[in-house]
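One-letter residues, chain by chain:
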Amino acid sequence: MNLLQIYEPGQTPLPHVDTLAVGIDLGTTHSVVAIASEGGAEVVHNIHGHALVPSVVYYAPDGSVEVGYPALQRFARGEKNVFASIKRQMGQSSDATPVKVSAEILKYLKQTAEKALGKEVKQAVITVPAYFDDAARAATKDAARLAGLEVLRLINEPTAAALAYGLDKGAQGIYAIFDLGGGTFDISLLKLEQGVFQVLATAGDTMLGGDDFDQAIAAWVLGEAGIVEEGLTPEEVGILVTLARTAKHELSQQESATITYHQHTVTLSRDDFEELIAPYIHKTIEVCEQALADAKLTTVDVKGVVMVGGSTRVPMVVKCVEELFGKAPLTDVNPDEVVAIGAAIQAQGLTQGSDNLLLDVIPLSLGLETMGGIIEKVIYRNTPIPVSVSQEFTTYKDNQNGMQIHVVQGEREMVAHNRSLARFDLAGIPPLPAGIARIAVSFTVDADGLLTVSAEEKTSGVHQSIHVKPSYGLAPEQMEQMLIESMEHAKEDITERLLIEAKVEAQRLVVELEAVMKKDGDLLDDAEKARLNRQMAVVRNVSQGTDRDYIDAEAQELGRLSQAFAERRMDRAIGVALKGTHVDQLEIKNA
Amino acid sequence: MADFLEYFTLLDILPAFDLDLTALETHYFQQQRNNHPDRFVGKPNAERLAALQRSADINLAYETLKDPLKRAQYLLLLQGMYVGTEKDTVKPSQELLAEMMELRENIDELTEINALYAFVDEVDEMRRRLLNFIDVAYNKGQWDKMAQLVLKLGYVQKAMNDLTKQKAKMVKAGKSNK
Chain D
475 MNLLQIYEPG QTPLPHVDTL AVGIDLGTTH SVVAIASEGG AEVVHNIHGH ALVPSVVYYA
535 PDGSVEVGYP ALQRFARGEK NVFASIKRQM GQSSDATPVK VSAEILKYLK QTAEKALGKE
595 VKQAVITVPA YFDDAARAAT KDAARLAGLE VLRLINEPTA AALAYGLDKG AQGIYAIFDL
655 GGGTFDISLL KLEQGVFQVL ATAGDTMLGG DDFDQAIAAW VLGEAGIVEE GLTPEEVGIL
715 VTLARTAKHE LSQQESATIT YHQHTVTLSR DDFEELIAPY IHKTIEVCEQ ALADAKLTTV
775 DVKGVVMVGG STRVPMVVKC VEELFGKAPL TDVNPDEVVA IGAAIQAQGL TQGSDNLLLD
835 VIPLSLGLET MGGIIEKVIY RNTPIPVSVS QEFTTYKDNQ NGMQIHVVQG EREMVAHNRS
895 LARFDLAGIP PLPAGIARIA VSFTVDADGL LTVSAEEKTS GVHQSIHVKP SYGLAPEQME
955 QMLIESMEHA KEDITERLLI EAKVEAQRLV VELEAVMKKD GDLLDDAEKA RLNRQMAVVR
1015 NVSQGTDRDY IDAEAQELGR LSQAFAERRM DRAIGVALKG THVDQLEIKN A
Chain S
704 MADFLEYFTL LDILPAFDLD LTALETHYFQ QQRNNHPDRF VGKPNAERLA ALQRSADINL
764 AYETLKDPLK RAQYLLLLQG MYVGTEKDTV KPSQELLAEM MELRENIDEL TEINALYAFV
824 DEVDEMRRRL LNFIDVAYNK GQWDKMAQLV LKLGYVQKAM NDLTKQKAKM VKAGKSNK
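The listed protein sequences correspond, in order, to chains D and S.
Letter by letter, the first sequence follows residues 475 to 1065 in my numbering.
Letter by letter, the second sequence follows residues 704 to 881 in my numbering.
A portion of the hints provided could be inaccurate.
[Stated by the list, open to error] The calculated label-pair distances, taken between Cβ atoms and stated as ranges, are:
(1) 757(D) x 812(S): 30 to 40 Å
(2) 874(S) x 801(D): 16 to 26 Å
(3) 727(D) x 831(S): 28 to 38 Å
(4) 899(D) x 842(S): 49 to 59 Å
(5) 1034(D) x 842(S): 29 to 39 Å
[Stated by the list, open to error] Here are the simulated DSBU-like cross-link-like pairs (lysine-lysine), alpha carbons at most 30 Å apart as the crow flies:
(6) 757(D) x 872(S)
(7) 870(S) x 596(D)
(8) 871(D) x 777(D)
(9) 746(S) x 777(D)
(10) 593(D) x 746(S)
Simulated from the structure, these hints should not be mistaken for lab results.
For each residue, glycine too, the CB sits at the ideal point set by N, CA and C.
Full structure from sequences and hints, please.
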């Protein structure tokens, strides 16, 4: 996340004639680069004639790097130091991180385009899954920087697809873009009207895609063959997954597929395959319903559904989408290339000027932590971007010169269930009685979907800007870690992470509450104190265990029990200074 | 951000409660065409920052004015009256509270889907009439009256949301019975 700095310094003010701006679809299973000119947009083929470059990177022992098909072949042979899908680390290597792996892929695409076009490529529009949060977007920008590319704009994959489709077919009206890739799923609803591409709502799942289908087939094969997965080496798993993917592709054309693995030959029928993947497809349908509800639309309002992403070739996906929307999906675009084409059109528009206008939204709500780990939303999901919202805070102690602000992104009620974006200290507040200082904190989400936070103390006469010091979230390795986490596939890893977060959160809650009870304990009667102490003991106890739901429930209960206490403390702090003015009246919010 | 953004000026339209939404959207698109950060790529930093803020303000203006409830609340805000926010300065009258309580009771008693559909139509009609009354009050500058009507619109819209949820629940239950 970039704090107090929205744009990169040193950007060239005007595009050079001898350099080009390309569009890049940095996908989880494969990536594509495209270029647009007055004659139209087209994908760029590499020297082997491929437009689709597998998002696979191999790090050789001598330090050299291979990207694309050669690396994919190594992966299929089960070699080490091969990174596929950037989301999942297949091999073992200490210095390959998602940002670096992504940077290698971007570098390769840049060189491919330069070779094919005979000009230098310095700028790019890069697409990201619409449902990517702030951390993942920032990491994508970092990867581009490492690859020597200036990012003109990050745009959402479905929006890019809509741009390419809308311009190509002259589409007008409300369209749904159903984008099921290898690792992510997005649905965006857009209004297309005379060069305006307005996103009405977007929803998705960054952990749902065709890779899940491969995994499901692989697990089925093991079950049929009576092989225990724990006994397999990572290499053997790699080979199995590759076989499963081949079978998946065959099942889009044929009624059955045969897989031979470890002397076992099994045949998977399309019916059985569909049963295996049904839970994933139902999930996509539920997400579609949520997007429709958010946009206050029904399926009748949707004029057409454009299918994007390789996984929309699976017949059952097409069937279920048709059932939901009551119309046959539009499959007359190349689902692998349309996103890159849209990005290229946007790159051309941004550098050469264009009448097209992309109006996008923020996919996930932004909020602030309040006492008890509860989130107060500042910007709701599906709010059009750019957006700038200002929230006022005040001090609760005399001469308080700092306060902590914790920004999170997500839809859940509790901090522990959402992504923590930044925790920072507001310092340098002038010495004033409690409740007098007025600190306006502005949250600005730019057109890339990236958040910037700034703060200002605006008490009458004391205009002074306050330094926002991020306490974490900016170090590259932490960003990389966040990217890994945001893209992590294995369910048990997520469960584990959530458990740790829940524990930390529960313990933090207890520690904080203890501290304030020591200070303002007089606001509680004995019964209340006893109740809080009892619940704190419960939370401390359950947070030693491994049942996350249990921990969350008890922590939430503690938050609920301490709510009245928090309010009383707030009232006291402000009451002293403002003679009974309620805290809400201090906030300025543009409703 | 200014405390009172001039939403109507930002969208280049005359202040009114009764707005032509199609025209509003056309103006919105036009203002974004001129001010969106995409139009300022490659320009000096200061210009781009200014465009970002303007574009964000235009978005906020459109989000507020396109929704009748938010628009009415904003028009009252321009009169210094806070309605329907956490810092309400206008309180609902006793009659309004009683009426709305009755509305809620009626909703809670709905158990049958056809009755619910009929009730949805009724509430929808109530909402449409309210919008007309608000427009009249606005044009006559009857702010206190308008504030009560806007409070009522808030309740009615909330009731409508609850009805929609209840409808979805009933439809789902009906499906699983079959």
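These are the hints, each one checked on the structure:
At about 36 Å, the beta-carbon gap between residue 757(D) and residue 812(S) stays in the expected band of 30 to 40 Å. Between residue 874(S) and residue 801(D) the C-beta distance comes to about 21 Å, which sits within the given range of 16 to 26 Å. For the pair residue 727(D) and residue 831(S), the supplied restraint of 28 to 38 Å is violated, since their beta-carbon distance comes to about 54 Å. Look at residue 899(D) against residue 842(S): about 51 Å separates their beta carbons, and that is inside 49 to 59 Å.
For residue 1034(D) and residue 842(S), the Cβ-Cβ distance of about 47 Å falls outside the hinted range of 29 to 39 Å, so the restraint is violated. For the given pair, residue 757(D) sits about 19 Å from residue 872(S) by alpha-carbon distance, which is consistent with the 30 Å threshold. Note on residue 870(S) and residue 596(D): the hinted pairing is violated, with a Cα-Cα distance of about 54 Å set against a maximum of 30 Å. Taking the CA atoms of residue 871(D) and residue 777(D), the gap is about 57 Å. The hint is violated against a cut of 30 Å.
Between the alpha carbons of residue 746(S) and residue 777(D) the distance comes to roughly 38 Å, so the proposed pair goes past 30 Å and is violated. Pair hint residue 593(D) plus residue 746(S) holds up; C-alpha atoms about 23 Å apart against a cutoff of 30 Å.
The structure does not agree with the numbered hints 3, 5, 7, 8 and 9 stated previously, though it agrees with the rest.
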